[in-house]
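Student: The primary structure of each chain is shown beneath.
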Amino acid sequence: MPLENKEFKPKIVAFCCNWCSYAGADLAGSSRLTYPADVKIIRVPCSCRVNPMFILRAFEKGADGVIMCGCHPGDCHYSTGNYYARRRMTLLFSMLDYIGVENGRTRVEWVSAAEGVKFSETMNSFVEKIYSLGENVRLGDLRCKS
Amino acid sequence: MSSEKKQAELIKEISGVNPLKCMKCGKCSATCPSYNEMDIKPHQFVSYVINEDIESLVNSKSLWKCLSCFACVERCPRDVKPGKLIDAARQVVVRQKDQNYLLADEIPELLDPELPQQLLVSAFRRYRR
Amino acid sequence: MQRIGVFVCHCGSNIAATVDVSKVAEMSLMEPGVVHAEDYQYMCSEAGQAKIAAAIKEKNLTGIVVCSCSPRMHEATFRKAAERAGLNPYMVEIANIREHCSWIHKDMEEATKKAVILMRAAVAKVNLNAPLQAGESRVTKRALVIGGGIAGIQTALDIADAGYEVDIVEKTPSIGGRMSQLDKTFPTLDCSACILTPKMVEASAHEKITIYTYSEVEKVSGFVGDFTVDIRKKARSVDMNKCTGCGVCQEKCPSKKAPSEFNRGLNTRSAIYTPFAQAIPNVPVIDREACIKFKTGKCGICSKVCQAGAVDYEQKDEIISEKYGAIVVATGFDTINLDKYDEYAYSQSKDVITSLELERVMNAAGPTHGHLERLSDGKAPKEIVFIQCVGSRCSDDRGKPYCSKICCMYTAKHAMLIRDKYPDVNVTVFYIDVRTPGKNFDEFYRRAVEQYGVNYIKGQVGKVIPQPDGKLLVQGSDLLDNRQILKEADMVVLATAIEPNPDVRKIATMLTASIDTNNFLTEAHAKLRPVESPTAGIFLSGVCQGPKDIPETVAQAGAAAVKAIGLLAKDKLMTNPCTAQSDILLCNGCSTCENVCPYGAITYEDKEVNDHGIRETRRVAVVNNALCQGCGACTVACPSGAMDLQGFSNRQILAEVDAICR
Amino acid sequence: MKYSYYPGCTLRTKAKDLDVYARASAAALGIELEEIEDWQCCGGVYPLGSDEIATKLSSVRALNAAKEKEQDLVTMCSACHHVIKRVNDDMKNVEDIRTRANNYMELEEPYAGETEVLHFLEVLRDRVGFDELKKKVKNPLTGKKIGAYYGCLLLRPSKLLSFDDPENPAIIEDFIRAIGAEPVVYPYRNECCGGYISLKEKDLSKGMCEKIMASAEGFGAEMLTTACPLCLYNLNKSTGAKLPVVYFTELLAEALGVKEEVKEEVQK
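Chains as they are written, first to last, in our numbering: chain A, -13 to 132; chain B, 3 to 131; chain C, 2 to 663; chain D, 46 to 313.
It should be emphasised that the hints constitute simulated quantities derived from the structure, not laboratory data. Incorrect hints may appear among the rest.
Stated by the list, open to error - Derived DSS-like pairs: lysine-lysine, alpha-carbon spacing no greater than 30 Å straight-line:
hint, chain 1, residue 1, chain 2, residue 2
1, D, Lys190, D, Lys308
2, D, Lys181, D, Lys137
3, C, Lys472, D, Lys287
4, A, Lys115, C, Lys114
5, D, Lys287, C, Lys488
6, C, Lys142, C, Lys58
7, C, Lys324, C, Lys383
8, C, Lys60, C, Lys142
9, C, Lys488, D, Lys190
10, C, Lys488, D, Lys308
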């Protein structure tokens, strides 16, 4: 079967901090606010726990988009974690863009525990963006290339 | 889709208004300077669009009594903007053939020496295509 | 190799209607390490937990994955169940296939596929889980209540009555809060002061309660059971120990032009003042911005007339530091600023007032000594119009999207009181909906209509038009009669929306307590944990959590107290074992982790290491597990990869990533 | 201070005074108003339909002309101001309108709302400053009690026009104070005069104008001032000029002592 005919189902990883965004995702769920099933959430204690390595690994393993959600600046459960995360991601995303993973495939969003609506809107818009960008073919494990 | 449904959709599209946001507080009708001249009152515009009774809406006197003064738009607590709905309904009418509310032949008798151009221009924009 | 059991919950039809649960169970058996899989109607029920316990014993399971609701809901339940069956509780992982899957997806095939992937990620993680032991931390048996209104007072009294020390920190010079400003209370119409002041006295006389008025929380550190709080006691300029509360200084003070906060700025007070006669403590403060002595250096009359010698112009702010086991937030509310609602002419006419201002006008201690009169000319009004929902239920950016909840009832109260005392005054209420859920509430509102003849008109007001003769023309809708009304009134009262006290955001940030977009503090669970913040050891009392009336506030204050008492009654708390750990062989002693740690949990010590047979002393990072809260900032900052987080290790998260992208 | 200037249709015919006095006053204040070449009528009312493009193009042309000169665009008439400012907002923030308008216009460089649109009153408030204006007044209109009549187009929708508080505006009152007169605040100053409806519904407009006049008179106004030719016409027509209504620029020219110089030009 030619590749073009295969329906594109993106793989999207969402890292959500336990205190705000994961709870925001729970609220989106209990409020029945839908977003595409392409999004899979990984719970971390804080956005500052997200090692750039995790994101690189996701892209290496074929993810088409990675989004990181944390508490709003100033509202971090651990006071300052999201500030570290923000700086790290800014740097990482610009590097990823440089090596060919477009900026649209990575995103940082602040979602509080009360923002179920924002969580679902964010996921909807992110998934839409990934669909518009299409399959991520640029980052792979070079060892596997001929 | 029935034609009324289509027209209701068109009105929503042209106006950019979501009538479902209305909580029926009546502030638009409380604020409208043309209220007494209207057969369908500003707060009712919303229900006519929701109920897809566009026939009554486009045949109402209200269509031509709205001043586009935006008082209802400014004061609406739910961001519904009934003034935009009525303008969209007016558009639906005047965009049809021979439905202009103001005819060129009428103009001379409406004129007076002080009448500013602005008045004619505005009326043309609102009343005809 | 682990021996993992996978348990898939139907949650009645909540999960099973959208996710093929047996398929998820079946698929799990193909995952590495999984030796047992089953699905059941309600995994969290006693029978469900028994199934888990039985499987642990029969199949010698070393790890558990429960595919169910959010871990925020039942992770603790399943961990306890595993522990009872002899398994380390931290060998349990949850795959959230309800909130993150079945509830948001409609297509069964798609949802089942996603559930399988979430299950795989959890299995991949459990494969790398290690048993963890929770540590213990101590509990300081003292509570802090922030805010001294009825919510704070009630919470403090209940905690104190249970035998624990409580401190109240109140920003203004007296406790009492908003309730002290009210004249009468619904639905019984008893006098607010008559029921509040005894409570204020009781709080101030209670041997277990310390009240810090004119004070603010400055800094909070620590965690549940062991908070350290800095409290700024603002300079009162009056010695609390010497002052006898005689009031002479206030009488003699020549600067009497400062707007009275207590009377909502409707009249003025002296620069040295107590906010109201029944203030507690009955010790005045000097408003340094209004005081002539502070502004010009001259005057000093209060000091001269004070026989107790209590006035102290040199007094400075004082910061005290105190330890607490639990903190209750009771910061209350204020009415919104009406600048953006000038169609109601609030800024243009003195006779357009807010309902809270009307409380002061009706109150004997208020600016008009309780006489109902127009503030512009002192004349007795004959027509009064009330406008409901001013700034409430607004989805534009002028107001608040929520219902303020108390306005329908207090307006009925005001209308009734006016009609009762002044039968010749006509009262009209413009309303959108009358919302009166509550015991005896609707009966109360109906009494206003049927017994007192209050004229309720369904429709909002568009504009209040001041007339040259001083009257107010109210232009509103009557939606039931379908007409526009022009009503002449002498006074207009606005049921102004309430909002959380603006200081609450600052306090929430210090406490790391979550707050919503309307600045209300978020509860740990909207239904099941309504008086607790998601941050352990922080409890919520009163309107800081959401709009509510006095009986509800008092009920919630009691509930918050009980939760705090439950915490203070413990001698030790189990700590979260998901803390950071440093691999001393990899640590290069750079101190990066120490700098990013918000808790000061990382220190550097010289330790003897055995690096491939070479023994030497190195300076390495050591984590204090009692202080570490497990955020993981250090794990990412560490350049050598020596830091890792137990329970959320690099390998575990990478395994989850791999499973999702497989 | 140099600005692009958009006079609009009525200022060249029935509302010459609004234009002539404005230019004379501007010159006296050291403001240069450079009229845009070949400007076209703005249409008088803003096309509310979100699918209307062609009716917005004349505004886009004016906006782009100012952009090419790197100048802010000054308007005098309330209606032009309303239309051009809102079209500018569309060009800045509504992607669909921006794309379609630019596709039609085929400009060298697409226009995306770069120009800042200022009403002359805003120039006086934000650029000249009312305190500064006060210093330049030669004949203060001392003792005159003047009611500001804003009407609807200057103020609403406030979010887009960000001109002044839509319910309790102050800009014209501050202006009146700056030229030495006494502003009279009355509640109907931001209610509509009837606008274009006066063409076919004279009675309706009459009723509204009478309310406005009565309210202003009741609060002690001796005259009204406005920035809109249509408001001026409606108020005069409907109430038989119960109180005189003049353009704010005429008051300004008088206060600055340049009114006499250009009087003839107005009467031409």
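Student: A separate judgement is required for each hint: does it hold in the structure or not?
Tutor: Status of the hints after comparison with the structure:
{"no.": "1", "hint": "D:Lys190 / D:Lys308", "verdict": "holds (23 Å)"}
{"no.": "2", "hint": "D:Lys181 / D:Lys137", "verdict": "violated (36 Å)"}
{"no.": "3", "hint": "C:Lys472 / D:Lys287", "verdict": "holds (24 Å)"}
{"no.": "4", "hint": "A:Lys115 / C:Lys114", "verdict": "holds (22 Å)"}
{"no.": "5", "hint": "D:Lys287 / C:Lys488", "verdict": "holds (26 Å)"}
{"no.": "6", "hint": "C:Lys142 / C:Lys58", "verdict": "violated (40 Å)"}
{"no.": "7", "hint": "C:Lys324 / C:Lys383", "verdict": "violated (57 Å)"}
{"no.": "8", "hint": "C:Lys60 / C:Lys142", "verdict": "violated (45 Å)"}
{"no.": "9", "hint": "C:Lys488 / D:Lys190", "verdict": "holds (29 Å)"}
{"no.": "10", "hint": "C:Lys488 / D:Lys308", "verdict": "violated (47 Å)"}
In this structure, the earlier hints numbered 2, 6, 7, 8, 10 are contradicted, and the remaining ones agree with it.
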